[in-house]
Amino acid sequence: MLCKVTRTFKAGAQNFFRNGWLSIATVGVIVIALFIVNVQIAIMFANNLLLNAVEDRVNISVYVNTDVQEDEVMKLRHEIEQYPEVENIEYISRKQALADFKERSKNNETILKSIEEVGSNPLGAVLNVKAHNPDQYETIASKIDQSSFSEKVSGVNYLKYRDIIDNLNKEIKANQKGAIILAVTLSFIAILITFNSIRTTIYSHRQEIEIMKLIGASNNYIRLPFIWEGVFYGITAAMISVPLTYLYLQFIGNEEVTNSILPLSNARFIKIFLTEYFMKNLVLVVLFQCTFGVFLGVFSSIITIRKHLKA
Amino acid sequence: MIIFENISKVYPGNFPALENVNLKIHEGEFVSIVGHSGAGKSTLLKMLYAEEQPTSGDVYFSRKNISEFKARELPYHRRNIGTVFQDCKLLPKKTLTENVAFAMEVSEKKTSEIEEAVPQILDITGLGKKFDAYPNEVSGGEQQKAALARALVNRPKVLVADEPTGNLDPISTWDIVQLLLKINEFGTTVILATHDKPIVDKISKRVVVMDKGRVIRDEAHGRYCI
Ligand SMILES: Nc1ncnc2c1ncn2[C@@H]1O[C@H](COP(=O)(O)OP(=O)(O)OP(=O)(O)O)[C@@H](O)[C@H]1O
Ligand SMILES: [Mg+2]
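Chains as they are written, first to last, in my numbering: chain A, 1 to 311; chain B, 1001 to 1226.
No lab work stands behind these hints, which were simulated from the structure alone.
No residue lacks a Cβ here, since even glycine has one placed at the ideal position from N, Cα and C.
Hints may contain errors.
Computed, partial: chain B to chain A, Cβ under 10 Å [said to hold, decoys possible]:
#1 Y1049
#2 P1075
#3 H1077
#4 L1090
#5 L1091
#6 K1094
#7 V1106
#8 S1107
#9 R1150
Ranges between beta-carbon positions, derived for each pair [unchecked claim]:
#10 B/K1024 <-> A/I193: 52 to 58 Å
#11 A/M239 <-> B/H1036: 54 to 60 Å
#12 B/G1038 <-> A/I24: 42 to 48 Å
Okay, derived cross-link-like pairs now, SDA-like style, lysine to any residue, Cα gap no bigger than 25 Å in a straight line [unchecked claim]:
#13 B/K1093 <-> A/E210
#14 A/K310 <-> B/T1055
#15 A/K310 <-> B/E1051
#16 B/K1024 <-> B/L1181
#17 A/K10 <-> B/N1136
#18 A/K310 <-> A/G12
#19 B/K1202 <-> B/G1140
#20 B/K1094 <-> A/V298
Isolated chain B, as found in the complex:
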């Protein structure tokens, strides 16, 4: 369903961030992408939702070449993917609830649907009573939970999570990972980039190891080892 074909990426004035990456991810898979800082994990994920374009190579999503999307088709493509950005990217002038609702609004969901789904997902991600606060009024971990809620609220076919637990305590982290495993069970493809060794080992699903812009290992029931 997702195919990275000979992807290379060179940021202007830098050494290559990705070099000749080939990766196939099937529908319903749970893939952990691990590697040192700067290995190129985020860059690889950005190609999926077209924040970055590959310097060479092609990315296919449901058989469609992402680089061939027209500007007005791109929003629809992005709505198919729930994304937790490494830096959260919450809208600073909206409360956490509004941030989550916003993802549904732009997808042109019905208001009644929004009013039902938003509190539910905030509850599921464990945001507690903070939902009317603004992003800068809550902790990094709470921001991550809100970002995850926003990514999940549209029930996307694919969830891309770039270090969604980087700021969380071990217990919250485990809660979130269990949530990811559960939505994966219900059929959502999950792509998780993380540094967290114990988590990856516990998940015990497919692990892709990256180093210096290359995929150096890809195991169906892998462990975190670099």
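Extracted from the complex, chain A is given alone in its bound form:
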């Protein structure tokens, strides 16, 4: 059994090298298949990062009237926290709000002076409300609006940003959906092309298969070299597609190039994906590539060889 494995392995390696341009063509097709899938995954990842970044930054600021006491603000906060849509609330006290404001305006003498002239703190406390997901801000805003404490609130800033948030959200989601559909379609085409390419390779060996049968080779002995060859195709393709993907992402991670082609999944996030995910999990990436490539190669080989071994 072991001898069968090593011998067919050797034969597979031999075929791989002696097939010349046919091997190169097959590997090339698998490289393209892997590359397409990689780039799609990278763009999807970058979109996700962008979406997360935007979602992270979105919140509702509830401005409380200046005459509301701190313990009442806490009650209010507690009440809003009860909404199922709310993830967390950041409390900014009047003092803190003033300090923040002063810090922000430290280069503006007039503002600083006028605050000092007022004497008392002109700013109310602020509750920064974060929802579980961005769709929920509208609900939260309207709940606050209709609540018993609505007159204690001087304003909710969500309304101002609503359109921007909604649009961004919609656009990213549409982009994401498009990327998934494209990825699935292209992968499917890539698999078909690989399958066809391997079929051609094996078909060109049909006379050899016939001869091997007549000499008394068992089906396994005929099949295994082709399967090993599929393994070689997959691994070689993976070894090419990983650096190729890296270079390509590096290229579209360049702001000037990309922002004209891919307005949303912008360069910054592709770069983040490249350094934070792709390079940090390089072993995993290579393993995934090999697995996928080998699967493509072996699966196509098995399907095709089955036909030739019948009868």
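Guided by the hints, dock chain B with the ligands onto chain A, whose structure is given.
Chain B with the ligands alone, transformed into the frame defined by chain A:
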């Protein structure tokens, strides 16, 4: 040991290639099968190693009906027979040495055994220094010698040789025939299909004459006459 029983063979869309052939070949025999081109010699031999199935009739090998072999038993049956195909059927992407070694590899012989036997048999068949060439780089006669080496390397009980000397000069031909006679002496059954009249006459063993798909003569110490 080998019995052809009422064999007929009709290739699709053709007149019969074999008609009602009955033939018995005993263990250790040397049988020459002669006849015109198209007489059905190759077709008859193909039934033995199951490249073709008879349209009607049965072929028995060591008492087993070949048509009853299951697909997974067929390789083992074929390994019992060393075959020199009329068209050589060498694997084009393997060197002559590798082609010969391949027959041993598929029979799951030990590597050490292969390394010993392959150069030996190549030497015996007189392939000289060409053993690392690919089939398309050597002459037709050299291909035939390699094909013969491949057929013999597993020391089969039966050797089927379909015109193994068709491309050889008279001296090489005689060398090969002497080799066949020698392995026959050591107990291998040899079935030889050939056109070569002087050779058949010189061998002076059993001769089966075929014509238009029928056996028309079968003599224990025959000569080539049609
Ligand atoms: N695969 C095939 N399909 C159709 N007809 C075939 C096939 N093989 C052989 N024949 C026909 O069967 C007949 C016998 O052929 P066969 O090859 O057995 O002859 P042969 O005696 O070996 O001839 P030769 O001496 O030229 O090798 C011929 O008429 C040939 O045309
Ligand atoms: Mg013939």
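Outcome of the hint check:
no. : hint                           : result
1   : Y1049                          : holds, 6 Å
2   : P1075                          : holds, 5 Å
3   : H1077                          : holds, 8 Å
4   : L1090                          : holds, 8 Å
5   : L1091                          : holds, 5 Å
6   : K1094                          : holds, 8 Å
7   : V1106                          : holds, 4 Å
8   : S1107                          : holds, 7 Å
9   : R1150                          : holds, 7 Å
10  : B/K1024 <-> A/I193: 52 to 58 Å : holds, 56 Å
11  : A/M239 <-> B/H1036: 54 to 60 Å : holds, 59 Å
12  : B/G1038 <-> A/I24: 42 to 48 Å  : holds, 44 Å
13  : B/K1093 <-> A/E210             : holds, 14 Å
14  : A/K310 <-> B/T1055             : holds, 20 Å
15  : A/K310 <-> B/E1051             : holds, 13 Å
16  : B/K1024 <-> B/L1181            : holds, 20 Å
17  : A/K10 <-> B/N1136              : holds, 22 Å
18  : A/K310 <-> A/G12               : holds, 21 Å
19  : B/K1202 <-> B/G1140            : holds, 24 Å
20  : B/K1094 <-> A/V298             : holds, 23 Å
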